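Chemist: Sequence:
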Amino acid sequence: MSISTEFITTLKTVLADEQVLLNDAIGADFAHDELPGGQEHMPEVVVKVTSTEEVSAVLKTCSEYNIPVTVRGAGTGRAGGSVPVNGGLVLSVKEMNKLLGFDEEAKTITVQPGVILQDVMAEASSHGMYYPPDPGEKTATIGGNVSTNAGGPCATKYGSTQDYVLDATVVLADGSVKKLSENDELKNVIGSEGTLAVVTEITLKLIDKPQADVILLLPFMDTESCINAAIRIKEENTDAAILEYLDTDIVEFSGNVTGNPVFPIEMDGERVGATLMVTLEGESEDELDEKMEALAELSEELECLDILVVDTPTLKRDTWAAHDAFHTSTESAKSEDEINITVPADKMAELIEFAKSFAEEKGLKAMAYSHVGSGGLHIHVISDMAKADFIPVMASVAETIYEKCSELGGCVRGEYGYGYAKKSYVSEEKRSELLAVKAALDPKGLMNPGKVV
1002 MSISTEFITT
1012 LKTVLADEQV
1022 LLNDAIGADF
1032 AHDELPGGQE
1042 HMPEVVVKVT
1052 STEEVSAVLK
1062 TCSEYNIPVT
1072 VRGAGTGRAG
1082 GSVPVNGGLV
1092 LSVKEMNKLL
1102 GFDEEAKTIT
1112 VQPGVILQDV
1122 MAEASSHGMY
1132 YPPDPGEKTA
1142 TIGGNVSTNA
1152 GGPCATKYGS
1162 TQDYVLDATV
1172 VLADGSVKKL
1182 SENDELKNVI
1192 GSEGTLAVVT
1202 EITLKLIDKP
1212 QADVILLLPF
1222 MDTESCINAA
1232 IRIKEENTDA
1242 AILEYLDTDI
1252 VEFSGNVTGN
1262 PVFPIEMDGE
1272 RVGATLMVTL
1282 EGESEDELDE
1292 KMEALAELSE
1302 ELECLDILVV
1312 DTPTLKRDTW
1322 AAHDAFHTST
1332 ESAKSEDEIN
1342 ITVPADKMAE
1352 LIEFAKSFAE
1362 EKGLKAMAYS
1372 HVGSGGLHIH
1382 VISDMAKADF
1392 IPVMASVAET
1402 IYEKCSELGG
1412 CVRGEYGYGY
1422 AKKSYVSEEK
1432 RSELLAVKAA
1442 LDPKGLMNPG
1452 KVV
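Under our numbering, the first residue of the sequence shown is numbered 1002, with each subsequent residue one higher.
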């Protein structure tokens, strides 16, 4: 589409000239996110906003001129959600990065959407509190986490982002500003991938930081035994905060890249098939000891090869660093991609084995880790193929795995959302539901077009 000089002139009456980027001033990063092999779509204009008032003025102007708007935070998504597939205007909220308030009595923190996750977690921790949602990308913005309703390892016990958003200030497509508080409208906006409104202020619930915690590593001979053990531990009400399945292939690959081989690869001369990473928490060391003893008794029925205890600050830090490296270490491969989906726990082993086998048939290597308690599954696929050769093969592998996921009762949306990359996998029922909400809040269809619906 072509943006008129009149539109740009109007924009510059509500924003400073340096906030409006045109032509060569628009960096190439605005044309893509971190979706490997993704399409590139350049916007005609990028605006950098710093307040709710500026967002309102920009959206009102876009509505008057019928200009599509794509909201962008840090651009760390891997589904094309922040890519302007229809051109138009990219609304960058990255500079809306202020911590607006901390209420120790109410246990809340209020932030702008451009604040990054690790800063929210650090601020909460500095007050002795805890913000549990912990998706793999710590430099993602909170606005992005709200947009996709991101979860992470702690979702087993604590839930996902939607469970911590108490209220939000949003700007609708026509520029009107609304304050939403724990109602259906707020629930609709969370996870809507920027297709309904722009979130400009967010109040997040915090919880008291657990007084004691321990990580237990349980190695197994195969994937099925590992997943079944995680299901059994959850069923026994052990109150585990984290139940992470770790495929030994990704443990070994990542350890070779980082030089930090924390997780077991061999036990008594035999290769480990997978490891279950369990985190237990307690309000005292005595309570934690009781939980550890209960799990140790249960482990005799779980077919695990051993129980490795991670109980010092240094070991815990190294263990989490090794876990977080799964996401980044695969980027060292000549070609790589990630399939992020949600699968029922009792079908997870079947899907993992299917994905690894099918990828191998196509000359690729699939490695996995998952948040068993919440069903979140990350399958990283690597290859020595040139990227031009890898992309079509990977597309075929992803399509087959998505179909298998749906067949097993899972959802391809995962933690990155549908974006444009998974749009075709939205069910007709879900599409109709989303369109009904969008018709009410964005009747012109200007908010993040080409995504989800």
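Calculated from the structure, these hints are not laboratory results. Given the structure is predicted, the values throughout are model-derived calculations rather than measurements. Don't be surprised by glycine CBs; every beta carbon is placed ideally from N, CA and C. Incorrect hints may have been included.
Here are the simulated distance ranges between beta carbons [as the list claims (entries may be wrong)]: (1) 1003 x 1401: 37 to 43 Å; (2) 1434 x 1409: 21 to 27 Å; (3) 1067 x 1208: 40 to 46 Å.
Think about it this way: if two alpha-carbon atoms lie no more than 25 Å apart in a straight line, the pair counts; the simulated PhoX-like pairs of lysine-lysine are [to be verified]: (4) 1108 x 1049; (5) 1139 x 1188; (6) 1348 x 1061; (7) 1013 x 1061; (8) 1405 x 1188; (9) 1363 x 1405; (10) 1061 x 1188; (11) 1095 x 1158; (12) 1348 x 1388; (13) 1357 x 1439; (14) 1049 x 1013; (15) 1335 x 1235; (16) 1095 x 1210; (17) 1158 x 1099; (18) 1235 x 1108; (19) 1431 x 1348; (20) 1188 x 1099; (21) 1179 x 1158; (22) 1445 x 1049; (23) 1158 x 1180; (24) 1335 x 1317; (25) 1099 x 1049; (26) 1179 x 1210; (27) 1445 x 1405; (28) 1158 x 1139; (29) 1366 x 1317; (30) 1317 x 1357; (31) 1180 x 1049; (32) 1158 x 1210; (33) 1108 x 1180; (34) 1158 x 1357; (35) 1424 x 1405; (36) 1095 x 1180; (37) 1292 x 1158; (38) 1439 x 1424; (39) 1317 x 1348; (40) 1335 x 1348.
Chemist: So, for every hint listed, does it hold in this structure?
Modeler: Hints and how they fare:
| no. | hint | verdict |
| --- | --- | --- |
| 1 | 1003 x 1401: 37 to 43 Å | holds (40 Å) |
| 2 | 1434 x 1409: 21 to 27 Å | holds (22 Å) |
| 3 | 1067 x 1208: 40 to 46 Å | holds (44 Å) |
| 4 | 1108 x 1049 | violated (31 Å) |
| 5 | 1139 x 1188 | holds (23 Å) |
| 6 | 1348 x 1061 | violated (47 Å) |
| 7 | 1013 x 1061 | holds (13 Å) |
| 8 | 1405 x 1188 | violated (29 Å) |
| 9 | 1363 x 1405 | holds (16 Å) |
| 10 | 1061 x 1188 | holds (24 Å) |
| 11 | 1095 x 1158 | violated (30 Å) |
| 12 | 1348 x 1388 | violated (31 Å) |
| 13 | 1357 x 1439 | violated (38 Å) |
| 14 | 1049 x 1013 | holds (12 Å) |
| 15 | 1335 x 1235 | violated (38 Å) |
| 16 | 1095 x 1210 | violated (28 Å) |
| 17 | 1158 x 1099 | violated (29 Å) |
| 18 | 1235 x 1108 | violated (28 Å) |
| 19 | 1431 x 1348 | holds (22 Å) |
| 20 | 1188 x 1099 | holds (24 Å) |
| 21 | 1179 x 1158 | violated (31 Å) |
| 22 | 1445 x 1049 | holds (23 Å) |
| 23 | 1158 x 1180 | violated (29 Å) |
| 24 | 1335 x 1317 | violated (31 Å) |
| 25 | 1099 x 1049 | holds (14 Å) |
| 26 | 1179 x 1210 | violated (32 Å) |
| 27 | 1445 x 1405 | violated (36 Å) |
| 28 | 1158 x 1139 | holds (20 Å) |
| 29 | 1366 x 1317 | violated (29 Å) |
| 30 | 1317 x 1357 | violated (29 Å) |
| 31 | 1180 x 1049 | holds (22 Å) |
| 32 | 1158 x 1210 | holds (14 Å) |
| 33 | 1108 x 1180 | holds (20 Å) |
| 34 | 1158 x 1357 | violated (28 Å) |
| 35 | 1424 x 1405 | holds (17 Å) |
| 36 | 1095 x 1180 | holds (21 Å) |
| 37 | 1292 x 1158 | holds (15 Å) |
| 38 | 1439 x 1424 | holds (16 Å) |
| 39 | 1317 x 1348 | violated (30 Å) |
| 40 | 1335 x 1348 | violated (31 Å) |
Hints 4, 6, 8, 11, 12, 13, 15, 16, 17, 18, 21, 23, 24, 26, 27, 29, 30, 34, 39, 40 from the earlier list are contradicted by this structure; the remaining hints agree with it.
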